[in-house]
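Visitor: The chain contents come next:
There are 2 protein chains.
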Amino acid sequence: MEKFQVHILGCGSALPTMRHHPTSQVVNLREKLFMIDCGEGTQLQLRRQHLKFSRLDHIFISHLHGDHVLGLLPLISTLSLMGRTTPLHIYAHAALEGLMRPQLSFYCAGLNFDVVFHALPTFTAMTPELVFSDRSVDVYAVPLRHRLPACGFIFRERPRLPHIRRDMIDFLQIPHYEITNIKQGAGWTTEDGDYYPHERLTYPAERGRCYAYCSDTEFLPQLPGVLSGVTVLFHEATFGQQHAARAAETHHSTAAQAATVAARAGVERLIIGHYSSRYDDERPLLDEARAVFPHTQLATEGMVVEV
Amino acid sequence: MEKFQVHILGCGSALPTMRHHPTSQVVNLREKLFMIDCGEGTQLQLRRQHLKFSRLDHIFISHLHGDHVLGLLPLISTLSLMGRTTPLHIYAHAALEGLMRPQLSFYCAGLNFDVVFHALPTFTAMTPELVFSDRSVDVYAVPLRHRLPACGFIFRERPRLPHIRRDMIDFLQIPHYEITNIKQGAGWTTEDGDYYPHERLTYPAERGRCYAYCSDTEFLPQLPGVLSGVTVLFHEATFGQQHAARAAETHHSTAAQAATVAARAGVERLIIGHYSSRYDDERPLLDEARAVFPHTQLATEGMVVEV
Numbered sequence: 015m016e017k018f019q020v021h022i023l024g025c026g027s028a029l030p031t032m033r034h035h036p037t038s039q040v041v042n043l044r045e046k047l048f049m050i051d052c053g054e055g056t057q058l059q060l061r062r063q064h065l066k067f068s069r070l071d072h073i074f075i076s077h078l079h080g081d082h083v084l085g086l087l088p089l090i091s092t093l094s095l096m097g098r099t100t101p102l103h104i105y106a107h108a109a110l111e112g113l114m115r116p117q118l119s120f121y122c123a124g125l126n127f128d129v130v131f132h133a134l135p136t137f138t139a140m141t142p143e144l145v146f147s148d149r150s151v152d153v154y155a156v157p158l159r160h161r162l163p164a165c166g167f168i169f170r171e172r173p174r175l176p177h178i179r180r181d182m183i184d185f186l187q188i189p190h191y192e193i194t195n196i197k198q199g200a201g202w203t204t205e206d207g208d209y210y211p212h213e214r215l216t217y218p219a220e221r222g223r224c225y226a227y228c229s230d231t232e233f234l235p236q237l238p239g240v241l242s243g244v245t246v247l248f249h250e251a252t253f254g255q256q257h258a259a260r261a262a263e264t265h266h267s268t269a270a271q272a273a274t275v276a277a278r279a280g281v282e283r284l285i286i287g288h289y290s291s292r293y294d295d296e297r298p299l300l301d302e303a304r305a306v307f308p309h310t311q312l313a314t315e316g317m318v319v320e321v
Numbered sequence: 015m016e017k018f019q020v021h022i023l024g025c026g027s028a029l030p031t032m033r034h035h036p037t038s039q040v041v042n043l044r045e046k047l048f049m050i051d052c053g054e055g056t057q058l059q060l061r062r063q064h065l066k067f068s069r070l071d072h073i074f075i076s077h078l079h080g081d082h083v084l085g086l087l088p089l090i091s092t093l094s095l096m097g098r099t100t101p102l103h104i105y106a107h108a109a110l111e112g113l114m115r116p117q118l119s120f121y122c123a124g125l126n127f128d129v130v131f132h133a134l135p136t137f138t139a140m141t142p143e144l145v146f147s148d149r150s151v152d153v154y155a156v157p158l159r160h161r162l163p164a165c166g167f168i169f170r171e172r173p174r175l176p177h178i179r180r181d182m183i184d185f186l187q188i189p190h191y192e193i194t195n196i197k198q199g200a201g202w203t204t205e206d207g208d209y210y211p212h213e214r215l216t217y218p219a220e221r222g223r224c225y226a227y228c229s230d231t232e233f234l235p236q237l238p239g240v241l242s243g244v245t246v247l248f249h250e251a252t253f254g255q256q257h258a259a260r261a262a263e264t265h266h267s268t269a270a271q272a273a274t275v276a277a278r279a280g281v282e283r284l285i286i287g288h289y290s291s292r293y294d295d296e297r298p299l300l301d302e303a304r305a306v307f308p309h310t311q312l313a314t315e316g317m318v319v320e321v
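Chains A and B supply the protein sequences, listed in that same order.
The numbering of the first sequence is this note's numbering, which starts it at 15 and goes up by one.
The numbering of the second sequence is this note's numbering, which starts it at 15 and goes up by one.
No lab work stands behind these hints, which were simulated from the structure alone.
Note that the coordinates shown come from a computational prediction; the quantities given were computed from them, not determined experimentally.
Some hints here could point you the wrong way.
It does not matter which identical chain is used: a pair holds within one copy or between any two.
[As the list claims (entries may be wrong)] Calculated cross-link-like contacts (lysine to any residue; reagent style SDA-like; alpha-carbon spacing at most 25 Å):
{"#": "1", "residue 1": "Lys46", "residue 2": "Met32"}
{"#": "2", "residue 1": "Lys17", "residue 2": "Pro176"}
{"#": "3", "residue 1": "Lys66", "residue 2": "Ser291"}
{"#": "4", "residue 1": "Lys46", "residue 2": "Leu29"}
{"#": "5", "residue 1": "Lys66", "residue 2": "Met96"}
{"#": "6", "residue 1": "Lys66", "residue 2": "Arg161"}
{"#": "7", "residue 1": "Lys197", "residue 2": "Arg69"}
Can you make the complete structure from the sequences, with help from the hints?
Guide: Here is the structure:
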């Protein structure tokens with residue numbers, strides 16, 4: 015299986031503690047790195063996890079709260095000092111560009127690469143929108159509901175080519191240089207004129223894997239409807255049940271609510287995080303979530319999730 | 015002796031590494047905290063060293079390079095979340111306010127305390143200027159020379175009251191409520207009309223201690239002239255002798271240059287820091303400095319310097 019991993023760089027919330035860094039994650043898909051959110055200190059966490067800065071071209075920002083954004087400028091400054099020349103793409107609420115341009119001009123004067131801001135859509139309906147695509151992945155933004163406009167992200171592995179049926183290739187003596195064509199959909203006609211369609215020469219590929227990141231958000235009953243086919247879901251669980259009122263007030267979710275989304279969406283696994291700094295121990299959050307959805311894990315800094 | 019300590023929160027340079035954080039220090043003078051510079055991640059270093067956020071009212075910024083500034087906004091955001099209501103004073107180049115106000119409005123909306131920016135002087139001569147004063151300390155800015163306007167800071171303990179001569183007080187049966195007056199300069203007349211001047215009733219206080227912070231700067235031959243009476247000097251030593259050309263090019267100092275400033279200024283002790291990320295081991299920098307000025311130490315994160 016080709017690599018599809020999620021590195022948890024930070025899974026705390028607004029108030030950083032000695033236990034948790036502010037939010038950031040890196041999706042490693044076949045050695046291309048995609049960052050989600052970038053709180054203060056993210057560049058150090060990248061280093062700690064031995065992730066190559068040069069492999070990072072795309073950063074997705076869920077919403078413009080400081081604990082999801084304020085590591086960007088220092089990260090860009092470091093990329094500049096490291097001699098980067100290739101563009102860096104940032105997908106965020108349209109307001110970010112206006113906030114960052116004066117800072118970039120001042121603190122990163124003479125930047126040798128472009129910082130390209132892509133405005134995330136403003137949603138009117140609960141419909142994911144494609145915001146990035148390359149040959150291995152489609153990234154969708156999904157609307158969340160928080161104190162200011164917020165998006166989740168779905169990383170959907172693109173359909174892969176089918177596997178070749180070695181026995182048929184050998185039996186029909188199909189030359190090696192034809193294999194790529196066949197994987198891409200071609201059939202084969204023998205010298206005798208017998209036609210073998212693509213489907214007889216290949217096995218279908220495994221179903222594409224899919225990672226969804228949903229933070230920060232209040233409990234959103236419509237969310238499971240757009241998470242179909244998700245393998246691993248990260249959903250914020252800032253609070254436990256005893257602080258459900260505070261969760262509602264601040265437009266965050268409880269662990270049980272995160273698990274309800276996972277259960278209704280039918281995902282394979284749930285990772286919870288974005289813990290309130292009031293908790294010294296998140297195991298009660300885990301217990302709450304597992305009571306609703308057993309395949310739940312707690313995010314921790316340094317964790318690598320295989321999707 | 016009353017407390018006068020310097021906490022090294024970060025002593026690396028522009029490129030953060032696993033070994034060194036970007037620049038920040040805290041001067042603890044009688045439990046009032048004064049921060050000097052505030053690179054990314056400073057708030058976490060504050061926590062690591064168990065320094066109380068509530069004791070911090072004054073932040074001095076030497077110059078507006080990101081590695082000295084970019085921890086400010088996340089720190090202010092945290093102070094806000096912690097419920098701060100007292101003003102925070104920032105002493106920095108005049109440009110900082112214009113850069114930070116839009117960020118503060120956006121990321122720290124509804125701040126319950128004032129952030130008061132004080133513009134540091136623009137120097138025309140090598141003369142320290144008083145930028146802050148309270149009953150225990152005078153803080154002076156001194157001009158440095160870097161790629162953009164830069165200041166060092168001198169923290170000079172204010173003259174303290176003399177010690178009372180207990181034997182004289184007892185002998186003359188001076189009532190206790192008079193002691194404060196005597197410490198502040200009064201003499202005493204006995205019932206018989208004999209006058210004892212202040213000087214016979216007290217011992218002089220120890221000489222006030224003094225801490226100077228000089229970073230970032232090229233070697234500045236005029237600097238020792240304004241550092242007279244400094245007890246402990248922190249001077250940047252970004253490079254070693256083998257990179258002296260690079261030091262000159264980037265307007266930084268070598269370890270030997272830092273030591274030369276210390277020797278010529280006649281300070282008691284020198285701390286060097288702001289190490290280039292190219293060094294895995296700073297002991298050669300220490301050796302270089304000690305060859306010129308033996309009372310040199312290497313700054314390290316977590317170090318507490320007694321002034």
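Visitor: Each hint: holds or not?
Guide: Right, here's what the structure says about each hint:
1. Lys46 x Met32: Result: close only across copies, 23 Å inter versus 30 Å intra.
2. Lys17 x Pro176: Within one copy only: 17 Å inside a chain, 72 Å across chains, cut-off 25 Å.
3. Lys66 x Ser291: Classified as between: cross-chain Cα gap 17 Å, same-chain 30 Å, threshold 25 Å.
4. Lys46 x Leu29: between (30 Å within a copy, 23 Å between copies)
5. Lys66 x Met96: within (11 Å within a copy, 35 Å between copies)
6. Lys66 x Arg161: neither (34 Å within a copy, 30 Å between copies)
7. Lys197 x Arg69: Close neither inside one copy (28 Å) nor across copies (67 Å); limit 25 Å.
Of the hints listed earlier, those the structure fails to meet are numbers 6 and 7, in rising order.
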